[in-house]
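Colleague: Residue numbers (this note's numbering), protein chains in the order written: chain A, 1 to 450; chain G, 1001 to 1189.
Honestly, the hints are just simulated from the structure, not real lab data. No residue lacks a Cβ here, since even glycine has one placed at the ideal position from N, Cα and C. Some hints here could point you the wrong way.
[Said to hold, decoys possible] Simulated DEER-style distance windows between Cβ atoms: (1) G:Asn1140 x A:Thr301: 48 to 58 Å; (2) G:Ala1108 x A:Ala392: 22 to 32 Å; (3) G:Gln1025 x A:Ala392: 31 to 41 Å; (4) G:His1026 x A:Ala128: 51 to 61 Å; (5) G:Phe1136 x A:Asp240: 38 to 48 Å; (6) A:Glu78 x G:Arg1068: 25 to 35 Å; (7) G:Arg1071 x A:Gly404: 57 to 67 Å; (8) G:His1026 x A:Arg101: 54 to 64 Å; (9) G:Asn1091 x A:Gly409: 38 to 48 Å; (10) G:Thr1009 x A:Ala67: 23 to 33 Å; (11) A:Arg107 x G:His1087: 14 to 24 Å.
[What the hints assert, rightly or not] Distance condition first, Cα-Cα at most 27 Å in a straight line; then the derived DSSO-like pairs of lysine-lysine: (12) A:Lys281 x A:Lys294; (13) A:Lys87 x A:Lys114; (14) A:Lys159 x A:Lys294; (15) G:Lys1008 x A:Lys203; (16) A:Lys146 x A:Lys87; (17) G:Lys1008 x G:Lys1072; (18) G:Lys1008 x A:Lys114; (19) A:Lys114 x A:Lys145; (20) G:Lys1072 x A:Lys87; (21) A:Lys114 x G:Lys1072; (22) A:Lys145 x A:Lys87; (23) A:Lys288 x A:Lys159; (24) G:Lys1072 x A:Lys203; (25) G:Lys1072 x G:Lys1016; (26) A:Lys87 x A:Lys159.
So the chains spell out like this:
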Amino acid sequence: MTTTIDGDSRTTETAKWTAEDITALVSDENGLVDPRIYTDEALYQLELERVFARSWLLLGHESQIAAGGDFMTSYMGEDPVIVARQKDASIRVFLNQCRHRGMRLCRADSGNAKSFTCSYHGWAYDTAGTLVNVPYAECFPKLDKKEWGPLQARVETYKGLIFANWDPEAPDLATYLGDARFYMDHMLDRTEAGTVAIPGIQKWVIPCNWKFAAEQFCSDMYHAGTTSHISGILAGLPADKELSDLAPPTQGSQYRATWGGHGAGFFLDDTNMLTAMMSEKVVDYWTKGAAAEKAALRFGTTARARIAFQHMTIFPTCSFLPGVNTIRMWHPRGPNEMEVWTFTVVDADAPDEIKDEYRRHSMRTFSAGGVFEQDDGENWVEVQQILKGYKARSRPFNVSMGIGNDKGGHPDYPGRIGYVYNENAARGLYTHWARMMTSPNWAALNQTRS
Amino acid sequence: MSMSVMVKTSESGQMKPPLVPVNLQHEIEQFYYWEARLLDDRRYEEWFSLLAQDIHYFMPIRTTRIMREARKEFGDSRSFAHFDDDHQMMNGRIRKITSDVGWSENPASRTRHVISNVMIEEGDLSGEYEVSAAFFVYRNRLERQLDIFAGERRDRLRRTHTDAGFEIVNRTILVDQTTILSNNLSFFF
Chain A
1 MTTTIDGDSR
11 TTETAKWTAE
21 DITALVSDEN
31 GLVDPRIYTD
41 EALYQLELER
51 VFARSWLLLG
61 HESQIAAGGD
71 FMTSYMGEDP
81 VIVARQKDAS
91 IRVFLNQCRH
101 RGMRLCRADS
111 GNAKSFTCSY
121 HGWAYDTAGT
131 LVNVPYAECF
141 PKLDKKEWGP
151 LQARVETYKG
161 LIFANWDPEA
171 PDLATYLGDA
181 RFYMDHMLDR
191 TEAGTVAIPG
201 IQKWVIPCNW
211 KFAAEQFCSD
221 MYHAGTTSHI
231 SGILAGLPAD
241 KELSDLAPPT
251 QGSQYRATWG
261 GHGAGFFLDD
271 TNMLTAMMSE
281 KVVDYWTKGA
291 AAEKAALRFG
301 TTARARIAFQ
311 HMTIFPTCSF
321 LPGVNTIRMW
331 HPRGPNEMEV
341 WTFTVVDADA
351 PDEIKDEYRR
361 HSMRTFSAGG
371 VFEQDDGENW
381 VEVQQILKGY
391 KARSRPFNVS
401 MGIGNDKGGH
411 PDYPGRIGYV
421 YNENAARGLY
431 THWARMMTSP
441 NWAALNQTRS
Chain G
1001 MSMSVMVKTS
1011 ESGQMKPPLV
1021 PVNLQHEIEQ
1031 FYYWEARLLD
1041 DRRYEEWFSL
1051 LAQDIHYFMP
1061 IRTTRIMREA
1071 RKEFGDSRSF
1081 AHFDDDHQMM
1091 NGRIRKITSD
1101 VGWSENPASR
1111 TRHVISNVMI
1121 EEGDLSGEYE
1131 VSAAFFVYRN
1141 RLERQLDIFA
1151 GERRDRLRRT
1161 HTDAGFEIVN
1171 RTILVDQTTI
1181 LSNNLSFFF
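Kindly generate the complete structure, drawing on both the sequences and the hints.
Modeller: As structure tokens, this is what we get:
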């Protein structure tokens, strides 16, 4: 069956889901999510088209490709891309696919190069993705090299983070981020020197749908304040302390984007969680002394300086924890699998000793072997496994925490604000997901903006 | 933490190490088999006692590089890694893995550490040895989860007066994967 979407009449597998069907999968009002959004192959293909081919997706940090010719390979959805720093300091992002027969142009994870030559027939591209040489070009009846370069994505950066978007109609990054920027600056804009990434990106595979991870970092302080991470906290306690010596923090707020699916949550004032994760040295750097004072001045308000531990997701797949400073991309690999790619950022002018503490402790807590993150892997994998069951998929999940308690605006914090233990941000993420999945283009999406 | 230490595979021209006495070869291999038994039998506190106070447990990230840039294959000591732990951090991991609220290992994984290719060189200090070994770690958990890892372990071992005979001062794990093909690394190499 052929369905016309965006004026493009390719046959798709999405035909079985109507816009009405998809809208019914998520109820913001009642806090219900149909678990088929995590398992259905047709919905996943539609996600690749309507979410991943239209959203600003995180690719990395500027410092990871600092010099001209530096490149790294990454993904936008399941599309492999090359992210390359140009001689003029701009960044280009283009499909890692030769236009001739589709071979991958660059199979390395990263490096420095002057060109990319396809190993199949020798077609050569410069680091901007311009086709510059075709062997036996004279044997082609008509080959205008300018028309045969790989697809280029739009590239924008926000305070060191590199984002890209395939859709020429999408709003610019600043508009897309909207009121989320306030919460990003807490990690990215504490000093005029900005941030630098600790070298290295850790990658691992978790057999679960990407949305479990995106939602958790968006909205789920609940799991951190209850059972999931008790042993992670234990691993960071001084030898003479036990879990019974601590109580989970209870003061804090959750942010749901006014529009756009972003979300965050944070504890206020209580730095115990951050100390258990990152050590006293890091917490002191974050809250006292010259660097903290500079950050507070830049914020211009104590409201942001009070944020003691924070989780955040920028819709759809950019998540991070200010304070731990771990940033990650969730790369979808079918409805049942994703890859986590993570790196850590630090203030560029932090002392070397502090940078190393951030490196060691972010890795100790949030990584494949992280004493916190190990347990997230366990949860998500089991949730996905169970959804193989027909009955397991037959009733909605409860995402109703905090309904009725959305305080709306807050004098100190932008967006829709509620109590920190809440699922409002998750409702926002899923509502925006449903919007993107049922809108034929950005013009239609923009109509729904509040 | 100021010097960046690079890790690489052995290089052309590096000599085959001289043979060590058979007894020493036997002692160190048996130490490794004892260590594997402790890990596979989940005797974590006893395993932890094999780690020296100055332990450096390090597993750099490995990347796919073109041949010209092969020297950049492994992360260095200032990069993000899979593990880069000292004694205190390892102690925290032992607290986690022995607690009953560590969900990633309660229920516990079943592991099998197979150690081979043990090659020994005298260390710079008397009583210390630089040891390279190949490992194959099989990890199975719950109903059907199966993860396997292969790689090289480079250790500095130090003779002790304990029954075990040695303690581990440095362990550098060079895994034969770039993207880690497992949902977590909740076990020890």
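Colleague: Taking the numbered hints from earlier one at a time, note which ones the structure violates and give those numbers from smallest to largest.
Modeller: 3, 11
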